[in-house]
Amino acid sequence: MVLLQEAPPDTLVYMLVGYAVFFGLPLLFILSLWWRQRNLEKDVEVLDELRKEKR
Amino acid sequence: MTANRYLQTLNVITALLMIAATALVFLYAPTESSMGQVQRIFYFHVPSGWGAGLAFLTTLVAGLGYLRTRQPFWDRLGLASVEVGLTLALMNVASGAAWGCVAWNSCWNWDPRLVTASIACLAYVAYLMLRAGIADPERRARFAAVYGIIAFISVPITYYSIQLARSIHPLMFGPNNPNAEGDSSLTPRMLQTFFFCLFTFTVLFVDLMWNRMRLERLTERVEQLKAKWLSA
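Going down the list, the protein sequences come from chains A and B.
First residue of the first sequence? That's 1 in this note's numbering, and the numbers climb one at a time after it.
First residue of the second sequence? That's 56 in this note's numbering, and the numbers climb one at a time after it.
Calculated from the structure, these hints are not laboratory results.
One or more hints might be untrue.
Here are the simulated SDA-like cross-link-like pairs (lysine to any residue), alpha carbons at most 25 Å apart as the crow flies [stated by the list, open to error]:
1. A:54 <-> B:284
2. B:281 <-> A:37
3. B:281 <-> A:49
4. B:281 <-> A:23
5. A:52 <-> A:41
6. A:54 <-> B:286
Okay, the calculated bits of chain A under chain B, using three or more residues with CB under 8 Å as the criterion [stated by the list, open to error]:
7. 14 to 27
8. 33 to 42
9. 45 to 54
Beta carbons are placed, not taken as given, at the ideal position from N, Cα and C, and that holds for glycine.
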């Protein structure tokens with residue numbers, strides 16, 4: 001009976017594509033958060049310096 | 056313990072949960088016999104849709120909160136939830152396409168679930184475009200709140216589309232449409248893995264929201280500094 005059962009089809013590539021999406025998209029989102037935070041921190045620094053210069 | 060330390064702890068917990076969920080998917084859950092490895096997409100596909108639903112529900116609550124109180128916090132929460140929701144919804148739709156390539160022999164078809172999910176994504180992309188097109192912060196927040204409330208209609212429509220219309224998309228929970236052609240049955244190990252992934256994605260949603268809100272607080276600080284500098 002076991003010998004008559006078919007092996008599961010080879011769908012590994014599609015699964016890998018799916019998991020690339022699962023890990024890739026959140027990673028891109030986290031990178032965009034990091035990049036935006038870095039820019040904002042630079043803005044804070046520049047604004048602080050400008051305020052000090054003005055004094 | 057400061058808020059930053061709490062967030063760092065949550066980041067670590069989320070990363071560990073993601074590793075554990077991935078290990079369960081690949082090492083604990085059995086390989087499905089008719090579809091093979093691609094069925095493993097299901098363990099992250101449904102939870103990412105769940106996370107997106109939670110995020111868009113947050114947008115709805117934030118919209119109602121803003122219209123009631125006019126506090127900028129609610130506007131920022133709405134924006135953060137749309138960004139997080141779109142990330143999770145795109146994961147859901149794109150991974151579904153990869154699964155569909157095998158299960159339906161086509162990565163895209165005009166099934167009601169696929170169409171409604173894509174419309175929901177586009178509706179929330181339009182939310183971001185709407186915000187980008189309005190300069191006045193108060194007006195932008197008001198329009199975004201109203202739009203966020205209306206856009207939420209797309210979420211229950213997406214969820215119930217496979218019960219209300221003829222669909223080939225598998226139905227996991229709830230009464231089956233007698234016309235539906237898709238079906239699924241899970242072994243105990245598959246179910247345990249699935250519920251662990253569902254929990255993991257709920258934590259991931261909270262973590263991404265918290266990180267995004269922290270960025271919003273920093274944006275607020277920069278805006279305040281700019282306003283101070285200009286008025287001085």
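Against which earlier hints does the structure fall short, listed by number upward? 4
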